[in-house]
Amino acid sequence: MTHTFYIALSYSVTASVALCLIGWVWLDGRARRRELAELEASGIGRRSSQPKGDAAQSYKP
Amino acid sequence: MTESLAITKLSDLANPTRFLALAARILPWMAAVTASLFAIGLYLSFATEGDYQQGQTVRIMYVHVPAAWLSMMCYSVMALSAIGTLVWRHPLADVSHKAAAPLGAAFTLIALATGSLWGRPMWGTWWVWDARLTSVFVLFLMYLGLIALNRAMDDPSKAARVSAVLILVGFVNIPIIKFSVDWWNTLHQPASVIRLDGPTIDGEFLWPLLVMAIAFTLLFFTLHIAAMRNEIWRRRVAAQRRLAARAAGREA
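Protein chains in written order, with numbering that gives the first Met the number 0: chain D, 0 to 60; chain U, 0 to 251.
Possibly wrong hints are sitting among the right ones.
Partial list, computed: chain D residues near chain U (C-beta under 7 Å) [as the list claims (entries may be wrong)]:
| hint | residue |
| --- | --- |
| 1 | S15 |
| 2 | L20 |
| 3 | D27 |
Calculated from the structure, these hints are not laboratory results.
Note that CB positions come from ideal geometry on N, CA and C, so glycine has one too.
This is chain D alone, in the form it adopts within the complex:
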């Protein structure tokens, strides 16, 4: 095998792993944002955005 093969494969592997990582972070973010929007739409907001009397529950963050 020529040196070009090893160089091309090295850059391809690097690009593939980096793109998978970027894609995973992006898709994960999009899915979470959609879930939050759905919860908001169904009237389930954050505790801090609810009336004072309903603040007995505790959760993080």
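Starting from the known structure of chain D, arrange chain U on it as the hints suggest.
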């Protein structure tokens, strides 16, 4: 004065909502700078001369070395976050080390794969169980172990504490990786960039390497901040669902 300012800034970021606002502001800029640096780095990587001994394969160094550097830096970031979890109980510290583990695993995988692809034409072998290669492989396994541990436990705060202890114990591997080439006989060359007496590498190779190293580092921080933001959102979704379930239970 400077220290108190730094502590104040760190405390400000303990508020996840403030962190999310900051992330939304800086992420597009970080992504743009990262992409620009990769464009310059990749151009330099292929525009510069080959090595007189290694020929064109020296170009593998421009992806291998930054990935290897990041594999160790990511673990160091995780170790700092682990201290933040155990000592300061910073609310974002466990989010930070949980989000960094898959990134560290990916960069270590790149370092191992490109090292192997560089080793075959230069050393005549894909792999040897010598000190440097084996210690980096152990680092890769540790990343996988930490990801598995975090996913195996339902309670995020308990998972964070257990992971933090394991991260700090595993940190002993980082100096072993760094100095393995000095302490033992290995096929891997000793350090040629970060040395007390300055880099021994020619400027022709040093510049593309530095630009690519900065680009990889910025890519890591961009992805780390984005992954932390995702983790905060994930916890908010879980918390809101719990809250909704309790409210439904009270009504029933």
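How the hints compare with the structure:
1. S15: At 9 Å from the nearest chain U Cβ, S15/D fails the 7 Å test, so the hint is violated.
2. L20: With a closest approach of 5 Å, the L20/D hint holds.
3. D27: Hint on D27/D: holds, closest Cβ of chain U at ~5 Å, below 7 Å.
The earlier numbered hint that this structure contradicts is number 1, and it is the only one.
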